[in-house]
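Chemist: Chain residues, written in single-letter form:
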Amino acid sequence: MSQTKRIIAYCCEHGGMGAAERAAKEQSQFASDVVIISVECLGRVDLLHLLQAFREGADAVFVAGCLEKNCHHLYGNVEARKKVDQAKRVLDSLGLGGDRAEMFNLASNQGLEFKQSVDIMIGRVERLGPNPLGAKK
Amino acid sequence: MIIGEQKPLKEICDILEGHHRILVAGCRSCVAICLAGGEKEVGILSESLRLHSDLAGKGWEIDEVTVERQCENEWVREIAPKIEGKDAVLSIACGVGAQTIQAMYPKVRSLPGLNTSNMGAPIEPGIFMERCGGCGDCVLHLTGGICPIVRCAKSLLNGPCGGSQNGKCEIGKETPCAWEEIYQSLKELGRLDLLEANIPPKDWTPSRSGGPRKIVRPEAVMSETERQLRGER
Amino acid sequence: MKADSNLERILTSGKFAVTAEIGPPRSASADLVRKKAEEMKGSADAFNLTDNQTAMSRMSSIACAVVLMQQGLEPVVQMTCRDRNRIAMQSDVLGASALGVLDILCLSGDHQSFGNMKEAKNVYDVDSIQELMILRKMRDEGKLWNGDELDVAPKLFLGAAANPFADPFEFRVTRLGKKAAAGADFVQTQSIYDMERFEKWMGLVRARGLHERVHILAGVMPLKSHKVALYMKNKVSGMIVPDAIVERMRNAKDPKEEGVLICVEQIDHLKSIEGVHGVHIMAVNWEEIVPRIVSEAGLTPRNRY
Amino acid sequence: MSPVPLRSPESLVKTEVVKRAVVLGDGLGASIISLELADQGFDVDRLMPGNEPMDLALYAFPSELSRNVALVKMKSLSSTPRIRLHRDCTVSSVAGSAGDFEVSFTEAKSKGIIKGGAVVLAQDPGLAAVDLGPTVVSNSEMRRMIEGDETIPRVVVFIEGSGMTTACPAQGSTAFIENALEIKRKRTDIQIYVLTKDIHAPGAFERTYQAAQASGIVFFRGDFSYRSSQDEPNCMIIRDPVAGEVKIRPELIVRDEAFDLGSNSNLARKLGLSVDREGRILSINTRLHPGETIREGVFVCHGLGASILASDNISEACAIASSISELLSKDFLEHGAEVAFVDKEKCSACLACVRICPYDAPFIGEKGKAEIRIASCQGCGICVSLCPSKAIDQSNWTDAKMSAESEIASKGASG
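Chains as they are written, first to last, in my numbering: chain V, 1 to 137; chain U, 1 to 233; chain G, 1 to 305; chain S, 1 to 415.
If we strip away everything but chain V, and leave its shape as in the complex, we get (with noise of 0.2 Å):
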């Protein structure tokens, strides 16, 4: 079984966790390796914070919130998107690809969805390889 990969998931209490809960409740076994952190929106999470992840030796971070124009607070996901293209271009100037950061818009009954963005995020995880910092801390 290839070795868990580190992945986080930021989600947003409306349109994230949502999807998250129902994938779970549905069963459909996404992979153990994500760590989900629940935001009030994903307006708040900040490009340190993801850039401290991989850091700390994640293989990739993706953030889900709500659709385009259907957000709770209006345009917290437009902000988040904003951050992960940012995220992107660092990664990408250091070498580290920037695919390993995404965003997924998700209403909160897509339980499929989000088991899908999983398996994207692993799949370029397993592209990818590993966070070379992932294997000294």
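Watch out, some of these pointers could steer you wrong.
Looking from chain S toward chain U, a few residues come up when the C-beta cut is under 7 Å (computed) [as the list claims (entries may be wrong)]: (1) H289; (2) C350; (3) R355; (4) S389; (5) K390.
Rather than coming from a laboratory, the hints here were simulated on the basis of the structure.
Just so we're clear, the structure is a prediction, and the values are computed from it rather than from any experiment.
Positions of the beta carbon are idealized from the N, C-alpha and C atoms, including for glycine.
Fit chains U, G and S to the supplied structure of chain V, relying on the hints for placement.
Modeler: Relative to chain V, chains U, G and S alone:
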């Protein structure tokens, strides 16, 4: 305000080559407001540099500090405890900050992490446009409050050149033609007559090309007796 | 008479003048200039020599002027404000005048971002109107701009550009007035395709009596192909090429012939407009076609006046 | 999940609730809400744009009985001591937060400020000026024509009006379709088109909608433009995303009051409400939270004017009145669980937070530094992560806690 933009991360990493104990210094005034060098950017840049150092095995020690204004000696003096044992300071304030730090700490290399660009204003959140070039001899009263020296690509003083079309400058669609805006502004003010008279060649001595400029406010300069009475602090 | 140049004599005599344009080469040898001069001899009263057009370094306009004069042609030296400040400008004028140059065209000049050395620092110490003021003071008062006396004052016939197709249209006549007031003796316009707008501009010029204070030469540029027509229409800022002309070039079996035909038609029509004292033919990268256009427009021979 | 010491007890802020509601509008909805609240013992200030409440004759009642009941109720409007009527009013702004609003307005030239615990927008923003030629009737007039068996021309187009909020009730569009179906049943040769932005036909209304489609009524979505020139008299062009561009010659147009969405968004902005792209006020789920908006304490009664049966108007108004009384019956409102707070030492007053906040919570205080209105802050944290000087932090989601969480999480699930 003074507007600047961080150097690309790769370039900063190259500039820091050969150094190990680095202090990233931010500033709370202009560069914070244009989202280039405030405490948040210091945090993000430092984290990115630590990430680079870990990945490339540089073994850098990155420390962070942000002062109220990096162009004032009193505030730059505040970073003394943090500068202890550092062999470089990466300033992401405007160029004035980097130079003030170097002047105060001659033993520590002061490196620029930011490209200071111009004096301007946000036309909407996140988009900043140049407004003033500091030419030292303002002509806004002749041009309806729009500066031709920096907002016209050729600093013309007598009306739009032949390349102005649809309100845009010949150098590109992104650049509005300053003289089209001047014409509309004077039309609105009912002062198109200001465009009739020819403005003679400009005296550029008070501008940058006249050499480094010094502005003196005599009433704030301490006289010799005051200096003696006050003593060194 | 301001400079007693061939161009000045023709314009003051009321005859319909013809000027053309030669692009200096990107080379240190004058042979190419002599070859072009030989080809175009007798096809125009004076020949403009562009000054690093589109901000691309080429042989200096004054040097080419000397070669032209050796071949018996009258040069019009173009001098932009992009590459020289007022000090270099006045010294260049004295030098050119000493070498026999009489006609000088004052231009602001294309921004260096058009050229092949975008990183260069531009000058723009003065603009074209201020350049006219400086040069006129040298000629009429025999003084440099700061007032120093010249031993011998230069004889100059001063020219400027005018672009009726740039914006804001209402201001374009005022700008011509400013250039006349600053000392322009003749004006060469941007190449004309939108005849209606040019005639509207000429109407406003005549209303202000400017056509008597300054000789207006209408600019034309023969189109080589449909691609060039599209380029002029979309890529050159300040240029208007109506769709009708673009269509004619697209449908033309032989685009070059159609280009020449359009140019000759334009010249015939421009002759009929009151206040147009001549035509300025800008055959960019096609200088050899100028003699044929001038003759087909019935404007030959151009013997010295 | 995160280390306990980093979690801080929430500091709560108590706002005393002003036992008064401010109702804007002169329609039936506004009258019913005012009466209901007065009955439950709350004072009401009603700001009317016109001079008198709208005449009941304008409304279509399902039966004479319900019209008479409404008439009796309306009579008591002017006699209820708790309701203070203000005439010829325009609102300029609504400051403060739930339980403690300050409504500033002008009443026939003189300026005034009223304090209130809740604010209700029950005033439609006026009709969009649309020239559609001579043959236009409203939906209720169409109803009378059908009942009166008048002759109906061969080509009829129904154009559904645009409601004030994104949650216009289902009755609105269904009343349209019922009329259309009625005509089609009487004379199948009449060609009927229905133009609508979106059909609200939940539950039982679905059957009417399907019956209409089955009967040959053609539905279009998207925009339309109307032109009548010499060569093309009376020509309507419809741009439907599916059917593309369609030209028809309507002989009768049934058009409802389409609200002028431009002035609707201006009105919304004064009340600090946000609007969607077309200018309709964003309202939360109308069944669970009738009339509520994203700004706590501000309610919207999306009157559809006379196009729906007055009984629906009344029932909706009563539901909103009960939401409001639930709020006003509390003595204190508590806010502040996960709100942002500003460290004035670090703030550069760069306005980034003021510009980005969806709820207009941050503002620049007298000291020239940013401050956050605890009652307005909804704890989304957008300003916290944007602040360029790290001057804003959020109780319960502090940066330290977020960093600690990301550090622990990056050890991997097994770590």
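Chemist: None of the hints should be skipped; say for each whether it holds.
Modeler: Consistency of the hints with the structure:
1. H289: Result: violated, 31 Å to nearest chain U Cβ.
2. C350: This hint holds: S/C350 lies near chain U, its Cβ roughly 4 Å from the closest one there, short of 7 Å.
3. R355: 5 Å, holds
4. S389: 5 Å, holds
5. K390: 4 Å, holds
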